[in-house]
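What follows is the residue order along each chain.
Number of protein chains: 2
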Amino acid sequence: MQKGFTIWFTGLSGSGKSTVSKLVAKKIREEYQRNVEVLDGDVVRQNLSKGLGFSKEDRDTNILRIAFVAMLLTRNGVVAITAAISPYRDIRQKARESIGNFIEVHVNCPLEICEQRDVKGLYKKARAGQIKLFTGIDDPYEAPDEPEVVIYTDRESPEDSANKIINKIKELGYFS
Amino acid sequence: MQKGFTIWFTGLSGSGKSTVSKLVAKKIREEYQRNVEVLDGDVVRQNLSKGLGFSKEDRDTNILRIAFVAMLLTRNGVVAITAAISPYRDIRQKARESIGNFIEVHVNCPLEICEQRDVKGLYKKARAGQIKLFTGIDDPYEAPDEPEVVIYTDRESPEDSANKIINKIKELGYFS
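As given, the protein sequences belong to chains Y and P, one line each in that order. Sequence positions in the first sequence follow our numbering and run 1 to 176. Sequence positions in the second sequence follow our numbering and run 1 to 176.
Looking at chain Y on its own, in the form it has when it is part of the complex (with noise of 0.2 Å):
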């Protein structure tokens, strides 16, 4: 049976998660011909945790969710994704250990591009006050200390971005 695995995006809102991941899906299903789900943090949200808001135990909880959901796609040979912002040092390191074969991905991009940028109009809310506890303005981000994989999305193509990925996964054995 095929080995399964976790690829964990983290990274502020506007990095380039959503973009990244769903290519690096692309190539794992054209190129190594396996199954491959990619956990949205807004889809997780509407059926895992509708009722949840922004608070850190909510987060928390929000987190850990997608973590079981991960864990069960890894344990039964499929590839999953996440993209979710997943800002906090802590429960990444718990959906580490609970999920076992696990590549963290910080999706680095500066604050500034992501307001710049923008997709959402959420960055423009925030700074208004419209939304609460929103990460990198009133709520923190954590960057992973030790990450499998860093991508630097303000200066990478999303291509390059995502053969990095292809590449260290070879490298860690886990297509074979």
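Take the hints with a grain of salt, since some may be wrong.
No distinction is drawn between identical chains; accordingly, a pair holds when it is met within one copy or between any pair of copies.
[What the hints assert, rightly or not] Computed list of lysine-lysine pairs in DSS-like fashion (alpha-carbon distance at most 25 Å, straight line):
(1) LYS124 x LYS94
(2) LYS125 x LYS3
(3) LYS94 x LYS3
(4) LYS26 x LYS3
(5) LYS125 x LYS56
(6) LYS132 x LYS168
(7) LYS3 x LYS27
(8) LYS26 x LYS170
(9) LYS26 x LYS94
(10) LYS94 x LYS50
(11) LYS56 x LYS120
(12) LYS3 x LYS22
(13) LYS27 x LYS168
(14) LYS164 x LYS22
(15) LYS125 x LYS170
Note that these hints are calculated values from the structure, not bench results. A quick note: this is a predicted structure, and the numbers were derived from the prediction, not measured.
With the hints as your guide, set chain P onto chain Y.
For chain P alone, kept in the frame of chain Y given last:
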């Protein structure tokens, strides 16, 4: 790639869902070399639905979360087995629609027998009024109209029940 599907057990507390579901999982793993995940009601409540109670609304939310995870596993080629009471017909129907490859197993066992067994001591508590909204006592159980399989755990051995289910899966072509 292999075809995923979900075996959805439904039945009263103490009817034998866990026993038979575990046996079916074991047989499918051993005889068909498939990845199988059993989504036990209690484990899912702990990991995805902490804080939810047993009102119709909370039960529905819990079952829809189980269905969401079973759907993710199923579409990635895994065999998902759910073993929650899932007492309401309309929500099981929603689960069926969202999952697609769906085998509903009615674990048919008279209430009297379940209550005599009372493995977890829950019926006693329900009769004493210490647990409210207990299925079969003061909350309804809606039996399926057209389940793919009915097993009678008061007069079949777990082995016989498991074989009935496996035969139906074969007949439906999910192992090909």
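- Message: Checking each numbered hint in turn, tell me which of them this model violates, lowest number first.
- Response: 1, 2, 6, 9 and 15
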